[in-house]
Amino acid sequence: MATVDIRDVRKNFGSTAILHGVSVGIEDGEFVVLVGPSGCGKSTLLRMIAGLENITGGQVSIGDRVVNDVPPKDRDIAMVFQNYALYPHMTVRDNMAFSMTLAKAPKEVIETEVTRAARILGLEKLLDRFPRQLSGGQRQRVAMGRAIVRHPQVFLFDEPLSNLDAKLRVQMRAEIKDLHQRLKTTTIYVTHDQIEAMTMADKIVVMHGGHVEQIGAPLELYDRPANAFVAGFIGSPAMNLLPGTVQGGAFQPDGGGARWPLPAGAQATEGLRVTYGFRPEHLRLAPDGLPLTITLIEPTGSETQVTGRSGEALVVGAFRERITARVGEAIHVLPDTAQAHLFHGETGKRLNA
Amino acid sequence: MSVTTGPVTNWRRPQVQQGWLARLFDSKIFLIIACLTPAMGLLVVFLTYPLGLGIWLAFTDTHIGRGGVFIGFENFESLWYDRVFWGAVFYTVFYTGVATALKFALGLWLALLLNENLPFKSLLRAIILLPWIVPTVLSAIAFWWIFDAQFSIISYVLVDKLGLLDHYIDFLGTPWAARWSLVFANVWRGIPFVAISLLAGLQTISPSLYEAALLDGASSWQRFRRITAPLLMPILAVVLTFSVLFTFTDFQLVYAITRGGPINSTHLMATLAFQRGIPGGQLGEGAAIAVSMIPFLILATLFSYFALARRKWQQGGDDE
Numbered sequence: 001m002a003t004v005d006i007r008d009v010r011k012n013f014g015s016t017a018i019l020h021g022v023s024v025g026i027e028d029g030e031f032v033v034l035v036g037p038s039g040c041g042k043s044t045l046l047r048m049i050a051g052l053e054n055i056t057g058g059q060v061s062i063g064d065r066v067v068n069d070v071p072p073k074d075r076d077i078a079m080v081f082q083n084y085a086l087y088p089h090m091t092v093r094d095n096m097a098f099s100m101t102l103a104k105a106p107k108e109v110i111e112t113e114v115t116r117a118a119r120i121l122g123l124e125k126l127l128d129r130f131p132r133q134l135s136g137g138q139r140q141r142v143a144m145g146r147a148i149v150r151h152p153q154v155f156l157f158d159e160p161l162s163n164l165d166a167k168l169r170v171q172m173r174a175e176i177k178d179l180h181q182r183l184k185t186t187t188i189y190v191t192h193d194q195i196e197a198m199t200m201a202d203k204i205v206v207m208h209g210g211h212v213e214q215i216g217a218p219l220e221l222y223d224r225p226a227n228a229f230v231a232g233f234i235g236s237p238a239m240n241l242l243p244g245t246v247q248g249g250a251f252q253p254d255g256g257g258a259r260w261p262l263p264a265g266a267q268a269t270e271g272l273r274v275t276y277g278f279r280p281e282h283l284r285l286a287p288d289g290l291p292l293t294i295t296l297i298e299p300t301g302s303e304t305q306v307t308g309r310s311g312e313a314l315v316v317g318a319f320r321e322r323i324t325a326r327v328g329e330a331i332h333v334l335p336d337t338a339q340a341h342l343f344h345g346e347t348g349k350r351l352n353a
Numbered sequence: 001m002s003v004t005t006g007p008v009t010n011w012r013r014p015q016v017q018q019g020w021l022a023r024l025f026d027s028k029i030f031l032i033i034a035c036l037t038p039a040m041g042l043l044v045v046f047l048t049y050p051l052g053l054g055i056w057l058a059f060t061d062t063h064i065g066r067g068g069v070f071i072g073f074e075n076f077e078s079l080w081y082d083r084v085f086w087g088a089v090f091y092t093v094f095y096t097g098v099a100t101a102l103k104f105a106l107g108l109w110l111a112l113l114l115n116e117n118l119p120f121k122s123l124l125r126a127i128i129l130l131p132w133i134v135p136t137v138l139s140a141i142a143f144w145w146i147f148d149a150q151f152s153i154i155s156y157v158l159v160d161k162l163g164l165l166d167h168y169i170d171f172l173g174t175p176w177a178a179r180w181s182l183v184f185a186n187v188w189r190g191i192p193f194v195a196i197s198l199l200a201g202l203q204t205i206s207p208s209l210y211e212a213a214l215l216d217g218a219s220s221w222q223r224f225r226r227i228t229a230p231l232l233m234p235i236l237a238v239v240l241t242f243s244v245l246f247t248f249t250d251f252q253l254v255y256a257i258t259r260g261g262p263i264n265s266t267h268l269m270a271t272l273a274f275q276r277g278i279p280g281g282q283l284g285e286g287a288a289i290a291v292s293m294i295p296f297l298i299l300a301t302l303f304s305y306f307a308l309a310r311r312k313w314q315q316g317g318d319d320e
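If you read the sequences in order, they're chains F and V.
Numbering-wise (full-length UniProt numbering), the first sequence opens with residue 1 and increments by one.
Numbering-wise (full-length UniProt numbering), the second sequence opens with residue 1 and increments by one.
These are computed hints drawn from the structure, not numbers from a lab.
Built from N, CA and C at the ideal position, the CB exists for glycine as well.
Certain hints may be false.
Stated by the list, open to error - Derived, one-sided and incomplete: chain V residues facing chain F with beta-carbon distance under 8 Å:
#1 Ser208
#2 Gly217
#3 Gln222
#4 Pro230
If we strip away everything but chain F, and leave its shape as in the complex, we get:
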């Protein structure tokens, strides 16, 4: 186990810059998720930590050691690939034992370690199968087993669940988290799925276009996104983000319609271009609220999602109450100003404390 320190790391492919100075500090035993849309550089960053990509600038340390020029096998890390990268011509046992076989470990040690890993992952009965004979979830577990037997200082996961179906993904998510709680190994996990990030991480690093947008605990990111990108990326259903201006101490959305009350503690001057944000679940029914003309109603049972128009702006709300109104009718709503957000119109930076 070890800390990982990523300091001002840069990556260029030819003249194209992929990472523009990324810094992340990772505590010993922490579960850190790198999350962001496709092409944000999260996988590249992970591969740089693994040593599969050169580091153009900056410094990566594992433990107390700068590993920029350390070959991958000496970095004491283990990686689980998106396609698992199991050796197709080897049995599950040989797949897991491969690194130890290469290191010429004694037979008893290999046997003990493989058995231990197989027991942790419930693979005892599959040890003599070939990867082709396994289901997706089983292959995923073998890939983790291959990482576990090495007792690495850091586990790296590169979108390990994206090849699984939805149900299995939820199950494996829990298994990976459980595994981390038992082994307490520092883990860096890459995903584009913000739900995976929210449910698994001790700390989330949101990346976008080769920059770090925000680093923080899942609920911190959820409650206080640092900018409009993080606000829109984290949370499902996504946060409502309405463009507009500050007028008369209230928010006036573009295209007219009623004015919305500013979030608590908003620091915005009159006439400033801003983005007004609130989560669907922070909209409540209020008889004296703003009128919302319903365009779509989606009941999920536990709550009802309502899409409606306020002026030109399309707004989504999620209500615990049963909505009896129909499409075309209006309901009256108010956002919870304590949980609403205001972002600068150009920079996207958060404006309320």
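Since chain F is already given, all that's left is putting chain V on it; use the hints.
Below, chain V alone, put in the same frame as chain F:
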């Protein structure tokens, strides 16, 4: 909602009655016959008939211009005591064995090289293919020139330029020199096929396997031996079989360069069969030589059949 749709018509898709032609082409039996006939016809005319005729001729004493009668195994009996024939068998096996080994060693090496990120990769691949594209007879003539007793460029370089030897090499005039020269020409010509086929095989191996092996601590030799080699084995077996068959039945190179000489030392079974059958006029005996290649070819095919039998790890999943 504010979305407006255009005017609506009452069009419904009508029931369409199919013509007799459409129904005919929907008939499975008709389709099977219609699709198989041309291929079967071609196979019968150009494969089954010549093969059958060749085998029949091997059991007759047919000469050119004179029909023969069935004589049983007489042709094979006379071949059994024919030292030229056994010489050809020896050289065919030698030629196939040595040339195939060299082609595979060099072809695999080239394929591995081309699989790396080299500059001008596609250009290099095109150049590698050249020996295979050039018509065999054309390259045979070039080699004939290269191996010429007086004008050989190899002798010229070794003797006149470098001074390593004091006399010109008689490549095609002495038996062993001629044998090796032909093997060399065959290797030159055969490498592209091996290299390109193996390169295709190499490219089916997922790069993430190498990355995983890299993290598992495998050196480049270990990555080759434990990842590349076993995963390449299936395609290697196919290419090996084809290469053996092509080399064993080779005719053009040898016939164009040495015509079996000097003193029959470079006759392959194919060239000897032709020599005896067509210029020699003894069709029956020529056919018998050709037919005696068949056991060797069956052996090679069987080898591939068993080597190619899908390995256990290639088989699909049988989940419980």
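Hint by hint, here is what the structure shows:
Given hint, V:Ser208 at the interface with chain F, holds; its Cβ is 4 Å from that chain's nearest Cβ, closer than 8 Å. Hint on V:Gly217 holds. Least Cβ distance to chain F is approximately 4 Å, under the 8 Å limit. A cut of 8 Å between beta carbons decides the hint on V:Gln222: the least distance to chain F is about 6 Å, and the hint holds. Against a cut-off of 8 Å between C-beta atoms, the interface hint on V:Pro230 holds, since the closest Cβ of chain F lies about 5 Å away.
When each numbered hint is compared with the structure, no violation occurs for any of them.
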